[in-house]
Amino acid sequence: MAQGVLVITEQVDGTFRKVSYEAVSEGKRLAGTLGGKLTAMVLGEGVESMAGELGEYGADKILVADDASVKEYLVDGYTTVLAEAVEKTEPALILIGASMTGKDLAARLAARLNAPLAMDCVEVRAEGGSITATRPMYGGKVLADVSLTGTPAVVAIRPNAMSIEKTAGEGTIDKLMVSPGDTRIKFIEKQLETGKTELTEADVIVAGGRGMNGPDFSILEELAETLDGAVGASRSAVDEGWRPHSDQVGQTGKTVSPGLYIACGISGAIQHLAGMSSSKVIVAVNKDPEAPVFARADYGIVGDIFDVVPAITAEVKKLKG
Amino acid sequence: MDIIVLLKQVPATESTIALADDGKSVKTDTVKWVMNPYDEFAVEEALQIKKKQGGTVTVVSVGGDKTVEALRTGLAMGADKAVLINDPATKECDGLGIARILAAAIKETGYDLIIAGQRAVDDDNYLVGPAVAEFLTIPHVGMVIRAEVTNGTIRCTRTVEGGTVVQELVLPALFTTQRGLNEPRYVSMPGIMKAKKKPVDTKTLADLGLDAASLAPKVQVTAMTLPPERSGGRMIEGDSAQAKAAELVRALREEAKVI
Ligand SMILES: Cc1cc2nc3c(=O)[nH]c(=O)nc-3n(C[C@H](O)[C@H](O)[C@H](O)COP(=O)(O)OP(=O)(O)OC[C@H]3O[C@@H](n4cnc5c(N)ncnc54)[C@H](O)[C@@H]3O)c2cc1C
Ligand SMILES: Nc1ncnc2c1ncn2[C@@H]1O[C@H](COP(=O)(O)O)[C@@H](O)[C@H]1O
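Residue numbers (numbering that gives the first Met the number 0), protein chains in the order written: chain A, 0 to 320; chain B, 0 to 258.
Wrong hints could be hidden among the right ones.
[Stated by the list, open to error] The list that follows gives simulated cross-link-like pairs (lysine-lysine, DSS-like), each with its CA atoms no further than 27 Å apart:
1) B:Lys23 <-> A:Lys317
2) A:Lys185 <-> B:Lys50
3) B:Lys49 <-> A:Lys185
4) B:Lys23 <-> A:Lys253
5) B:Lys23 <-> A:Lys279
[Said to hold, decoys possible] Selected chain A positions facing chain B (Cβ under 7 Å, derived; list incomplete):
6) Lys102
7) Val121
8) Lys140
9) Ala143
10) Leu147
11) Thr150
12) Gln190
13) Glu192
14) Gly194
15) Gly267
16) Gln270
17) Ser276
18) Ile311
[Unchecked claim] Residues from chain A that keep clear of chain B, each with C-beta distances beyond 10 Å, as calculated:
19) Lys70
20) Thr148
21) Val177
Just so you know, the hints here were simulated from the structure itself, not pulled from any lab data.
C-beta atoms are modelled at their ideal positions from N, C-alpha and C, and glycine is treated no differently.
Let the hints inform the model, and build the full structure from the sequences given.
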């Protein structure tokens with residue numbers, strides 16, 4: 000009988016993604032209602048030493064696939080290894096953080112297992128043994144409740160939507176022998192910016208739009224830095240070439256749910272709002288009092304961003320001493 | 000190089016979405032239907048690869064009568080032919096069901112490369128591309144901003160949080176698109192005229208040897224709600240930028256407790 004929860008974690012160069020801690024914490028809560036153990040899976044090379052930490056977030060068992068062949072994410076090999084882990088643990092539910100890699104892996108794994116998949120969920124429930132989840136659709140314009148029939152159910156959780164909790168689990172480490180099989184994908188190279196807070200994981204986002212009037216985003220960068228946040232952008236700012244595509248927030252960019260979103264010189268087009276409306280608190284700064292963004296903001300300031308934003312930075316600095 | 004593009008028709012992103020009376024779907028009579036924006040990148044990339052490598056571009060969709068319009072847009076952009084799987088039974092399908100249908104349709108035609116969108120902007124599932132690749136047992140790579148075909152392989156740059164990864168796949172393979180891959184062309188008047196003469200092959204599930212029972216959905220929407228409206232939004236007044244900023248920061252700390 001399938002039981003318990005399997006959480007697939009993601010690590011980048013020896014650090015777990017924040018969403019992996021969220022997934023393990025959520026997995027613990029769900030294992031409580033579903034019954035059964037919480038198993039966390041770690042893949043990579045030289046990852047055995049970091050794996051034990053997951054016990055502090057409630058993992059009872061930690062399956063480690065530590066091998067050169069899974070050093071880099073290649074979807075075919077990873078899927079094969081995970082399918083083995085699923086066979087071994089027979090979970091009722093598989094949780095995975097919906098990072099870009101997490102989404103890709105969740106999709107291919109669900110197809111391999113012929114299992115129901117709910118992508119990018121903001122809530123997961125296990126009632127009477129059946130799994131239901133809530134997920135934004137239409138770029139966040141709608142919230143849908145979905146039911147998943149069949150085991151294991153695969154649920155990818157949206158970064159920043161669920162809380163991290165420390166609770167002791169048994170934390171027993173078990174090594175999984177790895178046989179990813181033949182891969183038809185070759186890793187060539189990667190380029191990662193280090194030290195930059197990822198937009199989807201940031202607690203605070205300061206976003207700029209066409210109102211920035213040029214590529215100099217230093218006033219936003221300074222405010223973001225003061226608040227330990229990240230800088231985002233509207234599509235217009237990206238189209239102008241002022242910011243990279245990876246900064247774009249919206250229906251065809253990233254969907255973000257930070258604690259605080261500060262929209263600066265952004266009008267509030269429906270495609271932009273879709274991507275940030277699940278933020279906990281929204282602040283808008285715009286010189287046009289009629290800008291639609293104000294209708295979605297918790298706090299609005301009418302004014303020139305080049306005056307208001309540096310003033311906010313100065314006030315925050317004062318507060319933080 | 001025979002390239003297949005998976006293409007879905009979706010409500011335009013500027014559409015305001017309203018809930019239907021059943022409480023578990025959206026009203027569709029008032030929305031404007033367009034080709035999924037990520038699939039526009041897919042069609043464009045297919046055309047650019049064809050230009051260098053020769054071959055054909057086929058656009059394939061599972062949809063209803065109306066979906067022909069999106070396929071015609073693909074043909075007007077320059078695709079050679081279209082396949083529409085039009086069967087009322089597909090309405091109930093979940094993402095894996097749609098992927099099974101597409102895989103069955105693609106198996107019937109030869110192909111070297113399949114391009115899909117990373118996600119459809121209606122269901123936001125990020126599923127069909129990878130699932131089609133799995134069902135066809137070919138490799139895939141997701142969220143690609145650069146693709147280069149050379150002697151039986153394709154080298155793709157995919158985006159990940161905070162950077163990019165380059166991978167090389169043995170063809171046949173599938174990749175999904177990310178913004179930044181290209182600038183999709185606009186359809187031209189002559190393009191539209193030519194598209195009218197290009198073939199659209201329509202199929203049912205039975206034509207593909209599939210039946211509705213084998214495609215029973217495992218994921219079902221049971222309810223839809225609109226996200227809660229923000230209430231109590233307030234404009235911060237003040238005599239100067241500094242005064243407004245001070246009041247905002249106070250409110251964020253004391254009321255909202257987010258800083
Ligand atoms: C298929 C499709 C997908 C799309 N996807 C997205 C998406 O994912 N994300 C996205 O953001 N958009 C998206 N868009 C674009 C969207 O429709 C808007 O065009 C875009 O969001 C507008 O960006 P903006 O608010 O920066 O610019 P504008 O609408 O031009 O607004 C600029 C604002 O800045 C204000 N301003 C100017 N100067 C100042 C100043 N000095 N001080 C204060 N305020 C100032 C102005 O009052 C104005 O409100 C999409 C569009 C389409 C068709
Ligand atoms: N009904 C469909 N017909 C053809 N292609 C589809 C269909 N649904 C999804 N796709 C393809 O799969 C991609 C991802 O869709 P989704 O998994 O629904 O988010 C889309 O961008 C299309 O390329």
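Hint check results:
1. B:Lys23 <-> A:Lys317: Distance of about 49 Å is beyond 27 Å: violated.
2. A:Lys185 <-> B:Lys50: holds (26 Å)
3. B:Lys49 <-> A:Lys185: holds (24 Å)
4. B:Lys23 <-> A:Lys253: Within the cut-off at roughly 25 Å; holds.
5. B:Lys23 <-> A:Lys279: Between Lys23 (chain B) and Lys279 (chain A) the Cα gap is close to 25 Å, so the pair holds against 27 Å.
6. Lys102: holds (5 Å)
7. Val121: violated (10 Å)
8. Lys140: holds (4 Å)
9. Ala143: holds (5 Å)
10. Leu147: holds (6 Å)
11. Thr150: violated (10 Å)
12. Gln190: It holds, given that the least Cβ distance between Gln190 (chain A) and chain B is near 5 Å, below 7 Å.
13. Glu192: Hint on Glu192 (chain A): holds, closest Cβ of chain B at ~5 Å, below 7 Å.
14. Gly194: At 9 Å from the nearest chain B Cβ, Gly194 (chain A) fails the 7 Å test, so the hint is violated.
15. Gly267: Not OK, violated: Gly267 (chain A) not within 7 Å of chain B, min 12 Å.
16. Gln270: holds (5 Å)
17. Ser276: holds (6 Å)
18. Ile311: holds (4 Å)
19. Lys70: holds (12 Å)
20. Thr148: For Thr148 (chain A), whose nearest Cβ neighbour in chain B is about 5 Å away, the distance does not exceed 10 Å, so it is violated.
21. Val177: Holds: least Cβ distance 18 Å, greater than 10 Å.
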